[in-house]
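Novice: If you want the building blocks of each chain, they are given just below.
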Amino acid sequence: MCDSCGCGDTHVIPFDVHERMLAANDRAAAHNREHFHDHQVTAINLMGSPGAGKTAILEATARAMGRGVRVGVLAGDLATENDAARIRAAGIVAESITTGTACHLDADMVHHGLRRLPWRTLDLLFIENVGNLVCPAIYDLGQQANVVALSVTEGEDKPLKYPTMFRKADLVLLTKIDLLPALPDVRIETIEANLTAVMQRPAMLMVSARTGEGIAQWRRWLEGIGRIHTAPCASCAGAGVSV
Amino acid sequence: MHEYSLVQSLFDRIGAVATEQHAVAVKRVRVTIGDQAGVDPQLFQSAYEIYQIRTLCADAPLEIARLPGADLTLDSLELEVP
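Those protein sequence lines, which keep their order, are chains A and B.
With the numbering used here, you'll find the first sequence wraps up at 244, consecutive numbering, no jumps.
With the numbering used here, you'll find the second sequence wraps up at 1394, consecutive numbering, no jumps.
Source of the hints: derived by calculation from the structure; they are not laboratory data.
Even for Gly, the Cβ is constructed at its ideal location relative to N, Cα and C.
One or more of the hints may lead you astray.
Unchecked claim - Chain B regions said to be covered by chain A (calculated; three or more residues, Cβ under 8 Å):
| no. | stretch |
| --- | --- |
| 1 | 1323–1336 |
| 2 | 1358–1371 |
What the hints assert, rightly or not - Distance ranges between label pairs, derived from CB positions:
| no. | chain 1 | residue 1 | chain 2 | residue 2 | range |
| --- | --- | --- | --- | --- | --- |
| 3 | B | I1362 | A | G101 | 33 to 39 Å |
| 4 | B | R1366 | A | P119 | 43 to 49 Å |
| 5 | B | S1358 | A | G101 | 17 to 23 Å |
| 6 | A | A31 | B | Q1320 | 50 to 56 Å |
| 7 | A | G9 | B | S1388 | 32 to 38 Å |
| 8 | A | R220 | B | I1362 | 23 to 29 Å |
| 9 | A | Q201 | B | D1352 | 21 to 27 Å |
| 10 | A | R68 | B | I1376 | 51 to 57 Å |
| 11 | B | S1358 | A | Q218 | 41 to 47 Å |
| 12 | A | T99 | B | S1358 | 22 to 28 Å |
| 13 | A | T81 | B | H1334 | 29 to 35 Å |
| 14 | B | Q1320 | A | T99 | 17 to 23 Å |
| 15 | B | D1352 | A | P119 | 35 to 41 Å |
Take the sequences, apply the hints, and build the full model.
Specialist: Okay, structure coming up:
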């Protein structure tokens, strides 16, 4: 009501907010991170294009880790539970987060997904994000490290075309390297130079889920991350191999 | 197309502020989208224009400030209050 005469007129006031648009997601991510820390679970947010080889890497990781390390996967996709089914067939626990139309996972979806997984008993939880090099990059999920899978067939300039994604990566897995003999024009040095141009701490490992090449180094990187699981943020987990 | 999810978060937050302040309408919305935020300002604007219909923000123009860096913030509102 109007202060002066009681006429009922409204008035317009400025109101400062100054808050991150993703503040609600940040709070949910901090909550997830606290859970992971309390139960000594190392959570990895695995991102990459559709077809970059994320699921194949997880299958190979399950085989490489053996029985000593308890591994689980939350796999995000718009539709189908195919990835989780593939990963379960490789012998590790996996559940799907079916996002419907959403092009990324957010911290709340992960929190809900955890309810269907015996995550407290795990050493290593992979959150396999929706295949997409754009949207997943800006959502914190509570992970300890971001890993981006980039296959050798995707083009050397992907890091330059999608800098936000690669800037957030603690490690890039260059996948499908068994295909390199069929790709004489792909230059590893160019990919490395492009990663160096955008990544905060350039780190890349070359792997083939099919032949197992590089999987031992990947396992060592994961073990390095696991030993420092109390690190407060993803970018602090710098146990990578410099490019 | 995460711009649509972001706009949804934005409207959730604006709704909470408007309720707190007993606002009858929002007259202006100011945000910052950094050039490294991973958000397309034009898509964000389109998403905003779709969402604002029949909300408290129906008549509120969106002002987007572009800055270097990865900032992605709701800066301020103009609220119509009794």
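Novice: Has the hinted range 17 to 23 Å been met by the Cβ atoms of S1358 of chain B and G101 of chain A?
Specialist: holds, 21 Å
Novice: Can you tell me whether the CB distance of T99 of chain A to S1358 of chain B sits inside 22 to 28 Å?
Specialist: holds, 26 Å
Novice: Does the beta carbon distance between R220 of chain A and I1362 of chain B stay inside 23 to 29 Å, or does it fall outside?
Specialist: Given about 47 Å between the Cβ atoms, the range is violated.
Novice: Check the following: the C-beta atoms of D1352 of chain B and P119 of chain A are separated by a distance inside 35 to 41 Å.
Specialist: holds, 39 Å
Novice: If you look at each residue in the stretch 1323–1336 of chain B, do at least three have a Cβ nearer than 8 Å to any Cβ of chain A?
Specialist: Since 5 is at least three, the answer is holds.
Novice: Given the range 43 to 49 Å, decide if the beta-carbon distance of R1366 of chain B to P119 of chain A lies inside it.
Specialist: holds, 44 Å
Novice: Mind taking a look at whether chain A covers the stretch 1358–1371 of chain B? Criterion is 3 or more residues with CB to CB distance under 8 Å.
Specialist: As far as the stretch 1358–1371 of chain B goes, the hint is violated, because 0 residues have Cβ atoms under 8 Å from chain A.
Novice: Kindly confirm whether 50 to 56 Å is satisfied by the beta carbon distance between A31 of chain A and Q1320 of chain B.
Specialist: violated, 20 Å
Novice: Using the beta carbons of G9 of chain A and S1388 of chain B, state whether their distance is inside 32 to 38 Å or not.
Specialist: With a Cβ separation near 26 Å, G9 of chain A and S1388 of chain B fall outside 32 to 38 Å, so the hint is violated.
Novice: Tell me if the beta carbons of Q201 of chain A and D1352 of chain B are separated by a distance inside 21 to 27 Å.
Specialist: holds, 22 Å
Novice: Quick one: are T81 of chain A and H1334 of chain B within 29 to 35 Å, going by C-beta?
Specialist: violated, 47 Å
Novice: Does the beta carbon distance between R68 of chain A and I1376 of chain B stay inside 51 to 57 Å, or does it fall outside?
Specialist: Taking Cβ atoms as reference, R68 of chain A and I1376 of chain B lie about 53 Å apart, which means the hint holds.
When held up to the earlier numbered hints, the structure conflicts with 2, 3, 6, 7, 8 and 13 and fits the remainder.
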